[in-house]
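Produce the complete structure using the sequences and hints provided.
Chains X and R are the protein sequences, given in the same order.
With the numbering used here, the residue at position 97 of the first sequence is 97, and numbering never jumps.
With the numbering used here, the residue at position 133 of the second sequence is 133, and numbering never jumps.
To be clear, the hints were calculated from the coordinates, so they are not data collected in a lab.
Here the structure is a predicted model, which means the values were calculated and not measured.
Treat the hints with care, as some may be off.
Which residues of chain R face chain X? A partial, calculated answer using Cβ under 8 Å [stated by the list, open to error]: (1) Ser-76; (2) Trp-78; (3) Ala-81; (4) Glu-83; (5) Lys-255.
Computed spacing ranges between beta-carbons, pair by pair [claimed, not checked]: (6) X:Arg-106 / R:Gly-274: 55 to 61 Å; (7) R:Ile-93 / X:Glu-98: 27 to 33 Å; (8) X:Glu-85 / R:Pro-107: 47 to 53 Å; (9) R:Glu-86 / X:Lys-52: 33 to 39 Å; (10) R:Glu-212 / X:Gln-86: 49 to 55 Å; (11) X:Arg-106 / R:Gly-124: 49 to 55 Å; (12) R:Lys-94 / X:His-45: 29 to 35 Å; (13) X:Glu-48 / R:Phe-25: 32 to 38 Å; (14) R:Pro-146 / X:Val-73: 45 to 51 Å; (15) X:Lys-37 / R:Ile-319: 53 to 59 Å.
Idealized CB from N, CA, C, for every residue including glycine.
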Amino acid sequence: MRDFTFLYRGLDTSASPEQMQQTMQKWRTWFKELGEKGHLKDIGHPLETAGKVVKGTQKAVTDGPFAEAKDVVGGFTLIQARDLEQAVEISKGCPILELGGSVEVRPIQVLNM
Amino acid sequence: MVAVLTRIFGVRNLALAEDVVQDAFCRALEVWAFRGVPENPSAWLMAAAKNRALDVLRRERTARTYEPELSRFLGSEWTLAPEIEEMFTDKAIKDDQLRVMFSCCHPRLPEEAQVMLILHILCGFGVEEVASAFVTTYTAVEKRIPRAKKILAGSKKLFDTRAPADFTARLPAVLRALYLLFNEGYHGASAEFAVRAELCQEAIRLARLLLEHPLGATPATYALTALMYLGAARLPGRVDAAGDLNSLADQDRSKWDRNLISEGLNYLDLAASGPNITEYHIEAAISSVHAIATRLEDTDWDEIVSLYDTLMTIHPSPIVALNRAIAIAQRDGPERGLEEIDSIADADRLQSYPFYAAALGELELRRGQYDSASAHFLTAIGLARNEMERRFLKQRLSACERAG
Chain X
1 MRDFTFLYRG
11 LDTSASPEQM
21 QQTMQKWRTW
31 FKELGEKGHL
41 KDIGHPLETA
51 GKVVKGTQKA
61 VTDGPFAEAK
71 DVVGGFTLIQ
81 ARDLEQAVEI
91 SKGCPILELG
101 GSVEVRPIQV
111 LNM
Chain R
1 MVAVLTRIFG
11 VRNLALAEDV
21 VQDAFCRALE
31 VWAFRGVPEN
41 PSAWLMAAAK
51 NRALDVLRRE
61 RTARTYEPEL
71 SRFLGSEWTL
81 APEIEEMFTD
91 KAIKDDQLRV
101 MFSCCHPRLP
111 EEAQVMLILH
121 ILCGFGVEEV
131 ASAFVTTYTA
141 VEKRIPRAKK
151 ILAGSKKLFD
161 TRAPADFTAR
171 LPAVLRALYL
181 LFNEGYHGAS
191 AEFAVRAELC
201 QEAIRLARLL
211 LEHPLGATPA
221 TYALTALMYL
231 GAARLPGRVD
241 AAGDLNSLAD
251 QDRSKWDRNL
261 ISEGLNYLDL
271 AASGPNITEY
281 HIEAAISSVH
291 AIATRLEDTD
301 WDEIVSLYDT
311 LMTIHPSPIV
321 ALNRAIAIAQ
331 RDGPERGLEE
341 IDSIADADRL
351 QSYPFYAAAL
361 GELELRRGQY
371 DSASAHFLTA
381 IGLARNEMER
391 RFLKQRLSAC
401 ERAG
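What follows is the structure in structure tokens.
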């Protein structure tokens, strides 16, 4: 078993409360399934679209990330899967895909030092 | 509400669950004072409790619940709000009430404490109301409830109503507690009221909740529910307009609730399956014989005596024996009844029970022994537990004096 991060992009936070509630019920159902199958390492959290970006040796602070809404990371989850292929298969059930968003599947790098 | 919140925060945090409810009520008082009572006050309170639960969970960020799966979903913003939403749906609330009901019937708690906890946590009775339901003092209940809660909290988790073996093992204790709750209302020893209809109603509500659960809907539960319905049907006749207690013989049977009787008979039909016969079956059957007799003279006393015979074999007690003797007196005359009373084993346990002396008085009166009857009623009056009983017994005493 390996650990993967799912990075979600294109989470629509401007939906009405009713739509939002429906969407979040879908996420809940999906997470429940993943939990039952033993793929859920940490549900993680959704993220607000704007914050601050701290950069370089100067530790310069700017507002950010100012990308297109569909490109901003809207949340993350830690997943356990056999390999990348299975992790990708798992990601296909994510409700964000139904709403035009995307899931980026990234294996957690094991640093051997 | 407390039932749901106990599941969220875990049974060790019963106090936190109660605080959240308290908080919701305080908010209600503040807001309603300004804006008036909302159209659906209970929904408003639920929503307030829900929001408050979210606040608490967010502040601590570690759901303190007992179930690892649950705490994981309450711990993430992805699922926190939908999870809480789900827990406040009707069905989830009913499940939680069952869980708490079973948790309250903890084997380490005495039966009386179990019933007190059920009243306090599930029926929302305050300490004072619990005290008056049990004819005990405020201080006594104030001491007992926290002690009982501590035992409950020691069990670390709420009873899991999905585990069939545990459910079935604890069901008899739960039925027993509901039976006691109902009886406390029906012939309670309360100082002011001999009948406390609200206790009976709560017992019926909880019994029906049990019937909605696939493992709870056993013949014994149906029998207990039948017993409650048939008893509740006769409540309007037990107390008259002046607030006086009426004996079965003097009750205005037109006041009995026909709907409740037919529902009770229905439940009794549903109870008639399976190999086991419980005391609830027999008591419900006795109650049904009374309920279907339109006049006292029409009562099938043969049937009642034989039901009491059965009850004596499966669940003997001096009170059952006394009631059996009274039924025999109805069938075969007062002399036979007195003989039966004489032969009750453990009759000394009945010495402080006012209706033991009253039964002797009644039978002596019927066979014309007025002096002896009066003496028995005087004893009974001395033992009466509330004003209603006392007034009732005094009326019987004056009946002896008039006859004599």
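Those earlier numbered hints the structure runs against, lowest number first: Hints 5, 10 not satisfied by this model.
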